[in-house]
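Chains as they are written, first to last, in the numbering used here: chain A, 2 to 131; chain B, -19 to 213; chain C, 2 to 123.
Derived from the structure by calculation, the hints contain no laboratory data. For each residue, glycine too, the CB sits at the ideal point set by N, CA and C. Be a bit skeptical, because a hint or two may be false.
[To be verified] Pair ranges (Cβ atoms, derived):
(1) A:Ala86 to B:Gln131: 42 to 52 Å
(2) A:Pro73 to C:Gly30: 24 to 34 Å
(3) C:Lys35 to A:Pro73: 30 to 40 Å
(4) B:Ser196 to C:Gln31: 44 to 54 Å
(5) B:Asp46 to C:Gly37: 35 to 45 Å
(6) C:Tyr50 to A:Ser87: 18 to 28 Å
[Claimed, not checked] Here are the simulated DSBU-like cross-link-like pairs (lysine-lysine), alpha carbons at most 35 Å apart as the crow flies:
(7) C:Lys15 to B:Lys91
(8) C:Lys14 to B:Lys57
(9) B:Lys48 to C:Lys14
(10) B:Lys199 to B:Lys91
(11) C:Lys107 to B:Lys11
(12) B:Lys40 to C:Lys15
(13) B:Lys40 to C:Lys107
(14) C:Lys66 to C:Lys107
(15) B:Lys11 to C:Lys33
(16) C:Lys107 to B:Lys199
(17) C:Lys39 to B:Lys199
(18) C:Lys35 to B:Lys40
(19) B:Lys11 to C:Lys66
(20) C:Lys35 to B:Lys49
(21) C:Lys14 to B:Lys73
(22) B:Lys91 to C:Lys33
(23) B:Lys73 to C:Lys107
(24) B:Lys199 to C:Lys14
(25) C:Lys35 to B:Lys73
(26) C:Lys33 to B:Lys49
(27) B:Lys91 to C:Lys14
(28) B:Lys11 to C:Lys39
(29) B:Lys48 to C:Lys39
[Stated by the list, open to error] Which stretches of chain A does chain B cover? Using the computed rule of at least three CB atoms under 8 Å from a CB of chain B, they are:
(30) 31 to 37
(31) 56 to 64
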Amino acid sequence: MSASKETDVSVAADSEVGIGTAEIPLLEAIGRSGRVWGDLAAQYGVTNPDPPWKVSLDATCDALSAEACALPLLERRAEEDELSASCYRNVPFPERQLLALAHSMLTRDLFNEEELARRMREVRERLTGA
Amino acid sequence: MSDTHKAAPMVDEVSDFEILEMAVRELAIEKGLFSAEDHRRWIEYVHTLGPLPAARLAAKAWLDPDFKKLAVADGVKASLAVGIDWINGPPTKFGTPSDYCSFRVLEDTPKVKHVVVCTLCSCYPRTILGQSPEWYRTPNYRRRLVRWPRQVLAEFGLQLAADVEIRVVDSNQKTRYMVLPLRPIGTEGWSEQQLTEIVTRDCLIGVAMPQPGVTSNAKRPVHPAVHPIHTGH
Amino acid sequence: MSKNQHDRAHHAKKASGVGDPQCFRGEAGQAKFKNGDKVRIRDLPDIFYTRCQVYTRGAVGRITKVVYESPAAEDEAWDNTDHPEWFYSVVFRQHELWPDYPASYKNDTLETEFSERWLEQA
């Protein structure tokens, strides 16, 4: 058995994916300056290990795979692994699961960056009244 | 205690990530990728998930030899006894894309220790064990466990004698697995509830062993996978 | 996309209340192997998609359980559910998979599943 076999432990899943790891400015900025749950929880003395939006994020991932199959589970997970090791390697989990999901959806043109930025502004206004 | 203190602490700050999660979900609904009702059904399901049913299944198997036989022979059927219906439970009514309805309970013995991994992605019996922990999803764990199981288990604090067979189970097709660990000494006469409390998630994956007094998972440092496959020769 | 959605709806109907892989029961015909058989993992070319791990190719193991009938992942990935196969759980000595696995841990094993097309009598 050759040495190259050892590098192939998970090649079956990885070989065909290749999402491309070009940075997406909007997501890159969120990853750089967004406040992660670990910091917020520490500052406010909250002990819940997961941010409140984590359950909703998981439901979104499930619904995307199960309903119209816009983003199959296996592809999303493979891309998340790839992006977690590249673009979002400095962002903790589950924040980087969220960034990777948005990245995968943008790459598939399920919506575009401008739409996402606009929707984020609207959500912020709604939540903060700003 | 005092009116000036809130009952429970909460995060009084809206983060960019919280906003991003909402924006992604709203756009997906608007684009017709799923409906608000679909999302509500999934969120309800995800909310119910956790490691408790699998822990109870293990405790029951320790206490009842007949139930243990059933669990090892037919995991899907045995799960009904702890309130988990693999087939009709999830919103799809046939399992979810990530949870097929084939479930095996791997029984440890004094000479065989099972440990579960999915080298392809991160297949995990979440129907009965909840969402997988982060370390389980990392390429570092997935790639190294099949190759250097003793080294990886040692990193989890589990050192096993050389004559114990470590059996790594790679769940890369439709079967999902949980480990039925050995009942530890010092638990004689314990109730199902007491036993359930010491069967932590990590015990059910196989990277830890139950111990009286230990009711939570140890904190796991997550290392990035830097050429993990070339180390340790 | 439309075919994909059509087939998923069909699958949902077939599997609903039955389970997947249970919904393929009785569709794979006679199983070629049985518990205890020694088998070698074939080294077939990967065309587009597989879930048969490269680290098992060419290795010899023993069937511990005939598990279920299902389309092979290589077919199902393309919504082809016309030819379900038997699946088998196979256990290998670690040394068989990794020749430099330490001899002092010769009891260590690895178990995983394969569809019938990947197995040959050893």
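Cross-check of the supplied hints:
no., hint, verdict
1, A:Ala86 to B:Gln131: 42 to 52 Å, "violated, 21 Å"
2, A:Pro73 to C:Gly30: 24 to 34 Å, "holds, 29 Å"
3, C:Lys35 to A:Pro73: 30 to 40 Å, "holds, 34 Å"
4, B:Ser196 to C:Gln31: 44 to 54 Å, "holds, 49 Å"
5, B:Asp46 to C:Gly37: 35 to 45 Å, "violated, 26 Å"
6, C:Tyr50 to A:Ser87: 18 to 28 Å, "holds, 23 Å"
7, C:Lys15 to B:Lys91, "violated, 42 Å"
8, C:Lys14 to B:Lys57, "holds, 22 Å"
9, B:Lys48 to C:Lys14, "holds, 33 Å"
10, B:Lys199 to B:Lys91, "holds, 27 Å"
11, C:Lys107 to B:Lys11, "violated, 55 Å"
12, B:Lys40 to C:Lys15, "holds, 33 Å"
13, B:Lys40 to C:Lys107, "holds, 33 Å"
14, C:Lys66 to C:Lys107, "holds, 22 Å"
15, B:Lys11 to C:Lys33, "violated, 47 Å"
16, C:Lys107 to B:Lys199, "holds, 31 Å"
17, C:Lys39 to B:Lys199, "violated, 41 Å"
18, C:Lys35 to B:Lys40, "holds, 31 Å"
19, B:Lys11 to C:Lys66, "violated, 45 Å"
20, C:Lys35 to B:Lys49, "holds, 21 Å"
21, C:Lys14 to B:Lys73, "holds, 10 Å"
22, B:Lys91 to C:Lys33, "holds, 31 Å"
23, B:Lys73 to C:Lys107, "violated, 43 Å"
24, B:Lys199 to C:Lys14, "violated, 43 Å"
25, C:Lys35 to B:Lys73, "holds, 31 Å"
26, C:Lys33 to B:Lys49, "holds, 27 Å"
27, B:Lys91 to C:Lys14, "violated, 44 Å"
28, B:Lys11 to C:Lys39, "violated, 52 Å"
29, B:Lys48 to C:Lys39, "holds, 28 Å"
30, 31 to 37, "holds (count 5)"
31, 56 to 64, "holds (count 8)"
This entry does not satisfy hints 1, 5, 7, 11, 15, 17, 19, 23, 24, 27 and 28, going by the numbered hints stated previously.
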